[in-house]
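Participant: Residues per chain are reported as follows:
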Amino acid sequence: MSRVESRGLILAHFWVAFLAFVAAALLGLYQVSERSGLFPALESNHLYFQSVSTHGVLMGFVLTTFFAMGFGYYCAIESLKRPLWSPGLAWTGFWVALVGTVLAAVALLGGQASILYTFYPPLQASPLFYLGATLLVVGSWFWCLEMVMTMRAWKQEHPGEPVPLAMFGNAVNGTLWFVTSLGVALEVLFQLLPWSLGLKETVDVGLARTLFSWTLHAIVYFWLFPAYIALYTLVPRAAGGRLFSDEVARIALIMLLVFGVPIGFHHLYMDPFQAAGWKFLHMTGTFMVAVPSFLTAFTVTASLELAGRLRGGKGLFGWIAALPWTNPIVLAGILALLLLSVGGFGGLINASYSMNSLVHNTQWVTGHFHLIFAGTTVIMYFGIAYHVWPRLTGRALFSEKLARIQLWSWAIGMVVLTFPWHALGLQGQPRRISTTPYDTPLVETWQINEVLMIVGGIILFVSAVLLVVNLAASHATRDSGAGAESFAAPVQPLLRLPTVLNGVGFWFWVLVIYMVVSYGYPIGQFFVLDTHGAFPWSI
Amino acid sequence: MHVDPLERKWAILSVTLMVLSMVVLGFYALEANIRPPSNVETIDSTRLHLTEEFAEDNLGVKTAADGAVHVTMVAARYGFFPRTVTVPQGVPVTIRIASADVLHGLHAPGTNFNTMVVPGYVSQLTVTFPRTGEFPVMCNEFCGLGHDYMWSRLKVVPKDQFRASLKEEVRHEQG
Numbered sequence: 000m001s002r003v004e005s006r007g008l009i010l011a012h013f014w015v016a017f018l019a020f021v022a023a024a025l026l027g028l029y030q031v032s033e034r035s036g037l038f039p040a041l042e043s044n045h046l047y048f049q050s051v052s053t054h055g056v057l058m059g060f061v062l063t064t065f066f067a068m069g070f071g072y073y074c075a076i077e078s079l080k081r082p083l084w085s086p087g088l089a090w091t092g093f094w095v096a097l098v099g100t101v102l103a104a105v106a107l108l109g110g111q112a113s114i115l116y117t118f119y120p121p122l123q124a125s126p127l128f129y130l131g132a133t134l135l136v137v138g139s140w141f142w143c144l145e146m147v148m149t150m151r152a153w154k155q156e157h158p159g160e161p162v163p164l165a166m167f168g169n170a171v172n173g174t175l176w177f178v179t180s181l182g183v184a185l186e187v188l189f190q191l192l193p194w195s196l197g198l199k200e201t202v203d204v205g206l207a208r209t210l211f212s213w214t215l216h217a218i219v220y221f222w223l224f225p226a227y228i229a230l231y232t233l234v235p236r237a238a239g240g241r242l243f244s245d246e247v248a249r250i251a252l253i254m255l256l257v258f259g260v261p262i263g264f265h266h267l268y269m270d271p272f273q274a275a276g277w278k279f280l281h282m283t284g285t286f287m288v289a290v291p292s293f294l295t296a297f298t299v300t301a302s303l304e305l306a307g308r309l310r311g312g313k314g315l316f317g318w319i320a321a322l323p324w325t326n327p328i329v330l331a332g333i334l335a336l337l338l339l340s341v342g343g344f345g346g347l348i349n350a351s352y353s354m355n356s357l358v359h360n361t362q363w364v365t366g367h368f369h370l371i372f373a374g375t376t377v378i379m380y381f382g383i384a385y386h387v388w389p390r391l392t393g394r395a396l397f398s399e400k401l402a403r404i405q406l407w408s409w410a411i412g413m414v415v416l417t418f419p420w421h422a423l424g425l426q427g428q429p430r431r432i433s434t435t436p437y438d439t440p441l442v443e444t445w446q447i448n449e450v451l452m453i454v455g456g457i458i459l460f461v462s463a464v465l466l467v468v469n470l471a472a473s474h475a476t477r478d479s480g481a482g483a484e485s486f487a488a489p490v491q492p493l494l495r496l497p498t499v500l501n502g503v504g505f506w507f508w509v510l511v512i513y514m515v516v517s518y519g520y521p522i523g524q525f526f527v528l529d530t531h532g533a534f535p536w537s538i
Numbered sequence: 000m001h002v003d004p005l006e007r008k009w010a011i012l013s014v015t016l017m018v019l020s021m022v023v024l025g026f027y028a029l030e031a032n033i034r035p036p037s038n039v040e041t042i043d044s045t046r047l048h049l050t051e052e053f054a055e056d057n058l059g060v061k062t063a064a065d066g067a068v069h070v071t072m073v074a075a076r077y078g079f080f081p082r083t084v085t086v087p088q089g090v091p092v093t094i095r096i097a098s099a100d101v102l103h104g105l106h107a108p109g110t111n112f113n114t115m116v117v118p119g120y121v122s123q124l125t126v127t128f129p130r131t132g133e134f135p136v137m138c139n140e141f142c143g144l145g146h147d148y149m150w151s152r153l154k155v156v157p158k159d160q161f162r163a164s165l166k167e168e169v170r171h172e173q174g
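Those sequence lines, one after another, are chains U and A. Counting along the first sequence from 1, when you hit position 371 you're at 370 in numbering that gives the first Met the number 0, and nothing is skipped either side. Counting along the second sequence from 1, when you hit position 11 you're at 10 in numbering that gives the first Met the number 0, and nothing is skipped either side.
No lab work stands behind these hints: they were computed from the structure. Glycine included, every Cβ here is placed at the ideal spot set by N, Cα and C. Heads up, a few of these hints could be off.
Computed footprint of chain U on chain A, listed as stretches where at least three residues anywhere in the stretch have a Cβ under 8 Å from a Cβ of chain U [what the hints assert, rightly or not]:
| no. | segment |
| --- | --- |
| 1 | 3-13 |
| 2 | 17-27 |
Listed next, with one range per pair, are the computed distances between beta-carbon atoms [to be verified]:
| no. | chain 1 | residue 1 | chain 2 | residue 2 | range |
| --- | --- | --- | --- | --- | --- |
| 3 | U | 310 | A | 26 | 29 to 39 Å |
| 4 | U | 348 | A | 148 | 25 to 35 Å |
| 5 | A | 61 | U | 529 | 55 to 65 Å |
Chain A stretches covered by chain U per the calculated footprint, using a threshold of three residues with CB under 8 Å from any CB of chain U [as the list claims (entries may be wrong)]:
| no. | segment |
| --- | --- |
| 6 | 48-62 |
| 7 | 67-73 |
Excised from the complex, chain A in its bound form (with noise of 0.2 Å):
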């Protein structure tokens, strides 16, 4: 069998840059904890609004004891629930979504705050968001004819702001 040597060479190069660029996401998966959403966990789609966790009244934005940030939203032809969130600049927030009917994906474009929200599955991922603003939250997976119409907001906040509006909502809410 006949190789040219120049052809070993490249072939050489080839497989090595590609081992390199596997050697560099795997790093950032670990490092930075960038990672698709992988949680493999089930939920009875058409039972959301029974459940403790997806029920109307608990969606939106938690902040744990220890300041760990969460929000719980539903998808739902055509919207994403709550309408708007906010959620803290710089700080890992750990988001759980679940599908009420069909197929559904979120996006924040500039974001990591990516993932397919599946019927009979709960999506979970950790995103910390480094710029402030607000961005559209639009989905991206063909789900009907209303499909283009379903977005929703999500308003990245500088830190102390994020606890001024979680007390006022607080005190809303006792109001």
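So here's chain U without its partners, still in its complex pose (with noise of 0.2 Å):
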């Protein structure tokens, strides 16, 4: 598959993320309207739980998924400059994991799947909403195969030489979510599908919220991964500059990789089944994975000051004025480094073992999670697109000028989104509920942040609209005349590298040893333990 045609496999799973994206983002606005309870005709919780369950599903999983394997496809093509390992299996992955989604849909939309992204049983979906879950995953793992073999075929005809590391990062990501996904996969296979069909009539939840935490959190990682390459990658080349460390930017991939996912206890701090030394242990690994964004924030902003002093910006705050803030990937990834730095501090007080108790499932964590996810992550998925679709579709975007709008009100919506919530939950609203009935003088001083947060998520829905339409008229414009991509060259260039730096099957195996220790007796206790016929596996 030349580069010609692999545009259409990319932009084929681009735009089956962000269609989900816009109809998951008017759901949004439905919710905050709903459960504010200033609008009565809105309310139903029927229909809010399901709206939260089907917004939750599209963004976490559709959106990011589809938008990750194109991201891999393009960044494999286009840095190594040779065709995917095996186009043919790149297009089965993307078929499986779209049946996979319009099963799930299809039980999400008719009502028989109301039990949120997370799933957490006893509560009980239609075996259609299992199937198409595991079923987008399953199409998923042919791009993981896809990264890691394309990454193989050319280090085999590049014997010595550095890969190039925005296929570097996309290799890790391939990995880092491969063994994510277990943690969920098992879970649905062996407990979930069996009980949802009637072949079991119990499931042992401690077991099963243990294996959703094995893939809660190093989820986030996954959909992370294209925001951070493009951050190295992508950026500085488009702000006038180079980066500034390759090596370092390598060495932060992997620890995200290695710490991201054995630490997922920190989602169960609050849960009785697990005891204190093993949560304490996650504990631990969840701060040291907080190391690789302060490295990321700081390499990516020494290379946007290089990009700044370049274009002749002087003294100490005069590069930042100077950077081209009018280009969207630019742009993107400015507002993305400033939402993360609001966002990652939040992360670090829900990862705290003890101050957790004060917002566990408040509408705290419900802002912090938007922040990280659609402040930073999802930006840059904008930013990214907009920087690729020129060279994707060969015509030249339809308005820069819109383009900047949408970034600058999604980033802005998200602030006045987000920032009540971390407010209300401080002030004690739980997270997932549709209205709040409580007769206490507490409901009185959410009041505020209720209405403020209607406000953000329409800000925040004109926006999504606006990228939508942006690309959509980008097909049909003058010719673009952009040619092959060229990624960021470092300040010192590469010559040699370590091994370990160079390929990811080392830092696999020490992510086995890491997992078999956090995970081992964790999950099973849960074959040992008498659970009163709650069945913890069955075939």
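Both chains are given apart, each in its own frame, so use the hints to dock them into the complex.
Facilitator: And the structure:
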């Protein structure tokens, strides 16, 4: 498959992602309106939880998975200047994932899967939903294989040469996602599917939640990787500079792989079925996994400073004004870094072994992950889309100005939405509620924030529509004349790299050992505990 | 391999900051006994009413001979039982709670009283309430369409008032 032929594959992935996104954004607007209680006509707990479930699955599973896959193919083809290892397999993965998405959507829209995106048993969905979710994940495994094998094929053709960072990052992400998704895959295959089909009467909820926690944290790194890779390899060049350090970027990505998965128990701090020592062990890893984000913030900011100074910026802050703020991917990168630093701070509070009890399952958590997910990750997806669209369609972007308006409105909307949510969480509002019928003075302190979040929701939905309209219109504009992608070159040219920074094999095994240590006993205990007839495992 | 000296310093600083955070959190977990519920104790959720501890008559607040305060609760669609719990201010209170059906969570805002209630397991936590007042205890894990309406009350009262209220209750029962 040549570069031209691969464009269809990549665009197909991006379009599924963004169509799911705009539908989910509309549901989001409905949810803030319904939840506020200001519009009695909208009130319906039935519809609300159906909507939240669909919103979560579309944003968290569909948008992200399809975008990460498409972006991986783009990076592989553009950075290696060679075809994929097996284009047929890539298309197979796409169709399997799409069929899975459709099956899950049928269950969700039919009201047969209103169990939220975390689908915690003993709430039960129709088997169709579990099957669809499984197929979506299985489809993405084709991509994981494609990333690792394409990199391997290139290395065989170029012995001893450093793999381009964009490809290396995607191969790390492919490995990360494969290991990460095994937790939920085990839960669905051995617990939820047999139980929802009626083959088993009960499931062990403790084991189910433990397996889900295996996936629940590192899945965010699977989403985040395309954003970080773009910050390292696309943004510095678009800003007119170079990448400050290629090696440190690799170290950061590898740290995300190794520390990202074996730390899921910070989602289970408040759960009674895991002992304190395991929770503390997982907390240490959770704090360590903040380090690569600190490194990324430094390296990317340093790269931007370099670009600003090359463009004539002077003084301590003059380089910031000298940056090309009008370039969509640079603008997205700056906004993403700003929102990441706020959201990351909140994350450290959530990760805190003792402080977690003040915020667990409050609206604070929703505020936190919207900042990191929508504010950092998804805004980079937009930036990437604006950057690659002219190269994929061969046509110029319909309107760069519209793109800038869209990015600014998204960032502002996200602040207007999530800052009130953080406040509501600290004021004790639970996260997963459709109304606030509590007879307590506390509820009155929530009102102003309930109004603000609707304003945020409106801005965000308008922004989402602007994105899709701009991208769609860009298929029918003048010839862009955009050539091949050129990724940011490092300040210090890479001549030789230690083998461990040029491949994923070694780190995969480090991760496996770490996983056995941190999840071995906590999972094993469910097979020895007397769980009173709740089946831990069934085939 | 090339790592800029400035970047090296930044990396060392980041790791130090994180390790320091863990030490502080670890210290307070041990020193102030602020820990999440982690008792790993199973129970048959379908037969709660047949156990001694979680039978309806035994739910509520009890004071042991040594003055320790224990609270036993059941979470079931859609309420926490007993509906109102009164505890003393400034005294460690040990709370044990089990679910009779699905997953629930409960949280009294502004306090460390926050736990998941998982069917098949008993949650136990020890909380010291520093402030008096009435707190809502709200279900914070989606448990079905009645989830929004699942809440109860926690009253934190001064120690002497708590002792008086217990005596009152005993008299009431004897009468």
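Participant: Look at each hint and say if it fits the structure.
Facilitator: Checked hints:
{"no.": "1", "hint": "3-13", "in the structure": "holds (count 6)"}
{"no.": "2", "hint": "17-27", "in the structure": "holds (count 7)"}
{"no.": "3", "hint": "U/310 - A/26: 29 to 39 Å", "in the structure": "violated (48 Å)"}
{"no.": "4", "hint": "U/348 - A/148: 25 to 35 Å", "in the structure": "holds (29 Å)"}
{"no.": "5", "hint": "A/61 - U/529: 55 to 65 Å", "in the structure": "violated (27 Å)"}
{"no.": "6", "hint": "48-62", "in the structure": "violated (count 0)"}
{"no.": "7", "hint": "67-73", "in the structure": "violated (count 0)"}
Violated hints for the displayed structure, listed by number in ascending order: 3, 5, 6 and 7.
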